[in-house]
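Participant: Residue numbers (the working numbering), protein chains in the order written: chain S, 1 to 253; chain X, 1 to 253; chain G, 1 to 253; chain U, 1 to 253.
Keep in mind that the hints are not guaranteed to be accurate.
Which copy is meant is left open, because identical chains are indistinguishable; a pair holds if it fits in one copy or across any two.
[To be verified] Derived pair list, reagent style SDA-like, types lysine to any residue, alpha-carbon separation capped at 25 angstroms:
1. K211 x I162
2. K211 x E163
3. K200 x P23
4. K211 x R24
5. K211 x T247
6. K211 x G15
7. K211 x G246
8. K211 x D230
9. K211 x D197
10. K211 x R173
11. K200 x N80
12. K211 x R248
Please keep in mind that the hints were generated in silico from the structure rather than gathered at the bench.
4 protein chains.
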Amino acid sequence: MTNTQVTLVQIDNYGPWTVTPEPRREADLQTLQSRLYADISQFVGNRGGYVFFTRFDNMIAVTNGLSMDDHALLQESVGNRYPVTLSLGVATATSPVQALADATEHVQDAGSAQDENRRECLEGRIVDDTSRTTEDIQIAHFDVVNATGNYTDELNAFDTFIEIEQGYAELMRHMRYAHDSLSFFVGGDNVIVVCPDLEKPDYEEAISHVKAAVDVTMQVGVGRGENAHDAGYAAKHALETCRSDGTRVEFEW
Amino acid sequence: MTNTQVTLVQIDNYGPWTVTPEPRREADLQTLQSRLYADISQFVGNRGGYVFFTRFDNMIAVTNGLSMDDHALLQESVGNRYPVTLSLGVATATSPVQALADATEHVQDAGSAQDENRRECLEGRIVDDTSRTTEDIQIAHFDVVNATGNYTDELNAFDTFIEIEQGYAELMRHMRYAHDSLSFFVGGDNVIVVCPDLEKPDYEEAISHVKAAVDVTMQVGVGRGENAHDAGYAAKHALETCRSDGTRVEFEW
Amino acid sequence: MTNTQVTLVQIDNYGPWTVTPEPRREADLQTLQSRLYADISQFVGNRGGYVFFTRFDNMIAVTNGLSMDDHALLQESVGNRYPVTLSLGVATATSPVQALADATEHVQDAGSAQDENRRECLEGRIVDDTSRTTEDIQIAHFDVVNATGNYTDELNAFDTFIEIEQGYAELMRHMRYAHDSLSFFVGGDNVIVVCPDLEKPDYEEAISHVKAAVDVTMQVGVGRGENAHDAGYAAKHALETCRSDGTRVEFEW
Amino acid sequence: MTNTQVTLVQIDNYGPWTVTPEPRREADLQTLQSRLYADISQFVGNRGGYVFFTRFDNMIAVTNGLSMDDHALLQESVGNRYPVTLSLGVATATSPVQALADATEHVQDAGSAQDENRRECLEGRIVDDTSRTTEDIQIAHFDVVNATGNYTDELNAFDTFIEIEQGYAELMRHMRYAHDSLSFFVGGDNVIVVCPDLEKPDYEEAISHVKAAVDVTMQVGVGRGENAHDAGYAAKHALETCRSDGTRVEFEW
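Pulled out of the complex, with its shape left as it was, chain S reads as follows:
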């Protein structure tokens, strides 16, 4: 059974900071946001977790394997090197959405995202070390079948983007409402989904749904593991099987 540890990473008072005393150059904000995300990706990723950029001022991470001390260190390091600070909420649940909701509440209880007095909140609970199993995380790695041939090499780059985006949006809503799952676009034509215990029919149905709704054909590799990296890496291998065998849903176990 899955036991997903989710961390909500929220930049403190970011909206006001971006326009005080004057609006800041957009290119600089993009650079700051991207490099902050990249740093968090290294920190979390080097401990077996995954973090997704989401809205950049709010980022969602799967952090099985990270302790509260690890979270505190991340906060301290960012506070030493950036002109902004982070608040972190941590929670665990069988359902990824439930874990994320609890993590969000920890941060919301500490104060508004635009409360200038709320700084570096750190609240929540991690998965107990002795309870961890290799079934804690289920990750599904979707991509669009032959995106390069069907879109990238054929349409203009924005219309290709619209197609990919529609596929992502449809999948994201379906997986959240039907399966309590969290889906994230990770570049190219790839979507990584953090799931509870789902079965092959669930994935086949998701793919059919997206095909029917927006005419985008997807395939998926699914993996399990003790942490996001283990599960996600297994999912990547399963996806390679889809590519080589021409199948649509592959499990790595």
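Once you have looked at the hints, place chains X, G and U on chain S.
Facilitator: Relative to the frame of chain S, chains X, G and U by itself:
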């Protein structure tokens, strides 16, 4: 009249590179993609342009002010510091979508995104220096009215993300099909749109459309300039007027 | 008694890479070297270690607390994100210089720094986890007394640099030959030294030596710990005592 | 005749910032310093200049080709993305040391490096655009003959470092006092020197001096150009000639 110079930035042979000889750690791919984007944002931004991460392996930039030599230097610098290389297509048109389509064709004509022999293509035309005017670029900076109060401080972080994403998707498709415009989510609840010469009613209609379709309320500041930074910075100021006056559409001229 | 775990980090085949097929832009090499160092600093630092830039193609780290798996992960992550790869040699000894010599030999035995076939060597031994104590590392943090008043605000920036550099060079050679210690300039007027078990008279003598040889007056805070961060942070606090009390040598225990 | 434009880049109030309210993690300071330097290297380098890390809180750049507006943009961009700010002094002279001295005075006149009220000073004069020639900059790129064979593959990494460092220190002092030149270690076994109009005998003498003083054998390639990149790139090519022909001093013109 607008005269938008658009550059398509495409990483050469990226899909195959990410899985050769084996799939690479996802956290490392995210770090690489984000830092590459951040570097391009600094290079383009320091010359008055804007670049949007789009799909990360394909990025769209508004590059009025950058010469072909500037583009070549960007390619060279990235080639010296990353394990991947970039192909660039450049084009100009009154219509942003048309410019982007022509830029895309330059890259497609050089070879497939997954053609391992196509490396560092650089093709296209820039806006003639003597033809540049302060009306070349029109940028609209949208955001969601009181996103923090309505969503961020109230819903779980993924459901907030779904709301923002739906608003973006609706706006993006409307602006592309009705107005040949290119819309990009830039973090938080912000969307920056690269437009041709649009009028107040066009923006009021776009906002109504989004409200009616997905029940997300947006506001917009619009600016013009000789380059993306000038237009975008003016748009940010206009958006501040929306925030302080409670209006929905403000032009900075 | 100290038990220093030292890692030599050497970029594979770097010299040839910088000039093949043609010399690369110097500014890009500087950017690459600095960002690679910064990444290693985060990776090692987040695990309680310290890494010093040294010559940038060869970097020396104090890695008590990092396992061989950690070293392998660092190699993998760098290999995924940079156009170069790293070889790592790891060794432990009471004497920092001895540990560094053994670590160097591991890399040299694998092949020349400019052997294009030697890639990602990983050899050596870490401190046994059960043997670790809070006296394993002794770190001394030196700085120049009132550098700002005596030099930075008075001389031109290069002559100030010459003064600081002379102080560093004299201290570095003295500490290496008299005390088997490894000294590293870390910016400003600061030098961090990795020592075996030294006593107050040893530090007083080092300071006198530097004063007599090049007329640069230094002070030092000394700390001990299970890893470089613990020892180094204690040393920083001791140095603050020097600053506030006007003393020259302070121990944090 | 040379006409060197030098910029002193000084972080405002850095010393106090590093220990307020408490000392900061050393690994984070190293990361911050290195990434800030890397960013400045890209900004300056992309405009044909060179910047050297020097002491990290004080960096020296050769900025022929950068206007005062460029300097202001660099300041603004850093201020938007880092927790520190920069003060910049700019000056030009036939003598590199004189230009650096004048640049330093501009910053010193604005206030102490540790004056918390001195922020983002920008003072000085650039080379007049109409006066620029391809002889404005002379750059000499030295390296140690067969450093890999003589040191890197033979000695422990710190003893190799000591040898390289001694060669650098001797060269640096000689070039400054005998020739008003500014010398910078740039990694590996490389030293880049910013010179006035020097002749072959001057370089032969410098090399003899270093050999006699510390028994380190160096070679040098010299180039000239309108900016640091042009001169430096020519110097790199000349150095390749030394390597292939076994000579000690080569001019690229």
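Participant: Each hint needs a verdict: does it hold in this structure or not?
Facilitator: A quick look at each hint next to the structure:
no.	hint	verdict
1	K211 x I162	both (15 angstroms within a copy, 20 angstroms between copies)
2	K211 x E163	both (12 angstroms within a copy, 22 angstroms between copies)
3	K200 x P23	between (49 angstroms within a copy, 23 angstroms between copies)
4	K211 x R24	neither (41 angstroms within a copy, 28 angstroms between copies)
5	K211 x T247	within (15 angstroms within a copy, 40 angstroms between copies)
6	K211 x G15	between (37 angstroms within a copy, 23 angstroms between copies)
7	K211 x G246	within (16 angstroms within a copy, 41 angstroms between copies)
8	K211 x D230	neither (29 angstroms within a copy, 42 angstroms between copies)
9	K211 x D197	within (23 angstroms within a copy, 36 angstroms between copies)
10	K211 x R173	both (14 angstroms within a copy, 19 angstroms between copies)
11	K200 x N80	neither (46 angstroms within a copy, 32 angstroms between copies)
12	K211 x R248	within (12 angstroms within a copy, 36 angstroms between copies)
Consistency with the previously given hints fails for numbers 4, 8, 11, ordered from lowest to highest.
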